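S.K.: Just so you know, the sequence shown maps onto residues 1 to 291 in the numbering used here.
Everything labelled a hint here was simulated from the structure, so no lab data went into it. All values reported here derive from a predicted model rather than from experimental measurement. Worth double-checking, as some hints may not be accurate.
Within a straight-line C-alpha distance of at most 30 Å, the following computed DSSO-like cross-link-like pairs (lysine-lysine) qualify [as the list claims (entries may be wrong)]:
hint	residue 1	residue 2
1	213	25
2	213	245
3	245	221
4	25	221
5	245	19
What follows is a list of derived Cβ distance ranges for each label pair [what the hints assert, rightly or not]:
hint	residue 1	residue 2	range
6	230	110	35 to 45 Å
7	264	71	46 to 56 Å
8	149	30	45 to 55 Å
9	15	53	31 to 41 Å
10	19	232	15 to 25 Å
11	114	15	24 to 34 Å
For glycine and all other residues, C-beta sits at the position ideal for the given N, C-alpha and C.
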Amino acid sequence: MQLILHAGAHYTEEDRLLKSLLTDKAMLSENGTFVPEHSVYRGLFRDTLNAMHKSSASDSARDVLLDAILEDSQAERVILSDANFFRTPATAMIEGMLYPAAPVRMMRMAQLFPDDELQIFMAIRNPATLLPILHQVSADNSDMQFWGDKDPLDVRWSETLALLRDSAPEIEITVWCNEDAPLIWGNILREMTGLPATVPLAGEFDLLETIMKPEGMARFKSYIAAHPQITGIQQQRVIAAFLDKFAIEDALEEELDMPDWTDELVEQMTDIYDADVAQIQQIPGIRMLLP
Numbered sequence: 001m002q003l004i005l006h007a008g009a010h011y012t013e014e015d016r017l018l019k020s021l022l023t024d025k026a027m028l029s030e031n032g033t034f035v036p037e038h039s040v041y042r043g044l045f046r047d048t049l050n051a052m053h054k055s056s057a058s059d060s061a062r063d064v065l066l067d068a069i070l071e072d073s074q075a076e077r078v079i080l081s082d083a084n085f086f087r088t089p090a091t092a093m094i095e096g097m098l099y100p101a102a103p104v105r106m107m108r109m110a111q112l113f114p115d116d117e118l119q120i121f122m123a124i125r126n127p128a129t130l131l132p133i134l135h136q137v138s139a140d141n142s143d144m145q146f147w148g149d150k151d152p153l154d155v156r157w158s159e160t161l162a163l164l165r166d167s168a169p170e171i172e173i174t175v176w177c178n179e180d181a182p183l184i185w186g187n188i189l190r191e192m193t194g195l196p197a198t199v200p201l202a203g204e205f206d207l208l209e210t211i212m213k214p215e216g217m218a219r220f221k222s223y224i225a226a227h228p229q230i231t232g233i234q235q236q237r238v239i240a241a242f243l244d245k246f247a248i249e250d251a252l253e254e255e256l257d258m259p260d261w262t263d264e265l266v267e268q269m270t271d272i273y274d275a276d277v278a279q280i281q282q283i284p285g286i287r288m289l290l291p
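Could you build all of it, start to finish, from the sequences and the hints given here?
M.R.: Below you can see the structure in the form of structure tokens.
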């Protein structure tokens, strides 16, 4: 069985992605892909992964989990979405590292499903906009616990992702930038579901609707309906053009609340993030979804 794990990250439209998938639940089921409601499995996985901290999972753990998730359904692919797979927002940043628990959690998932095809899907986000949020919700945001011996310019997603690959190299990892999500939302959904570009998805423009004015969205949908032959890249250009004219300005603005952070520091962090994205594309076994 293919098991698709959408692991966040936190504050990257993670719940909206699940809602978009659930919009097409019936159609996906007809195509062999099952998308359960999160209430069915999130508590089960949390308890199981936490228990594995003390002892290995039983030989029957995999079957028990899948029976609870699938109930009476049959599927070749199951999509599970939980930003807390790699722990909660309160522990997402410790001593200058993003999701330090992720490699161990990844190994435990591989141990739970040794004979299944596991894939991780995960969005990343510019630390310049993410770290202020994580700092606010951290279980301990003292400088020593939150930053360790690092400063904001040292934080890298590539560090976390490289350790994820090392911890379970047999698991494929697909990553995208949250900043690109409005342009590639449909592509993300199709990569997770395994559906070709020719299959329409009801939730394909869900994210776009939150950042585009209603009149722009109506004109965009009319344009897409009148041009069904356009390719994915062409569609992304159309989306960018409509956003240029009809974007909801407040929806695109990020408010940063970090003491002593300057505009210059934020620009430096953003430049480093861009370079880090290029570095991630060089990590073997990691696929990057780009516009």
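S.K.: State for each hint whether it applies.
M.R.: Structure-based check of all given hints:
1. 213 with 25: The given pair, whose Cα atoms are some 27 Å apart, holds under the 30 Å limit.
2. 213 with 245: 9 Å, holds
3. 245 with 221: 15 Å, holds
4. 25 with 221: 22 Å, holds
5. 245 with 19: Answer holds: residue 245 to residue 19 is near 27 Å, not above 30 Å.
6. 230 with 110: 35 to 45 Å: Roughly 40 Å apart at Cβ, these two residues keep to the hinted range, so it holds.
7. 264 with 71: 46 to 56 Å: 54 Å, holds
8. 149 with 30: 45 to 55 Å: 53 Å, holds
9. 15 with 53: 31 to 41 Å: This hint is violated: roughly 26 Å between Cβ atoms.
10. 19 with 232: 15 to 25 Å: 22 Å, holds
11. 114 with 15: 24 to 34 Å: Once the Cβ atoms are compared, 30 Å apart, the range 24 to 34 Å for residue 15 and residue 114 holds.
The structure shown violates just one earlier hint, number 9.
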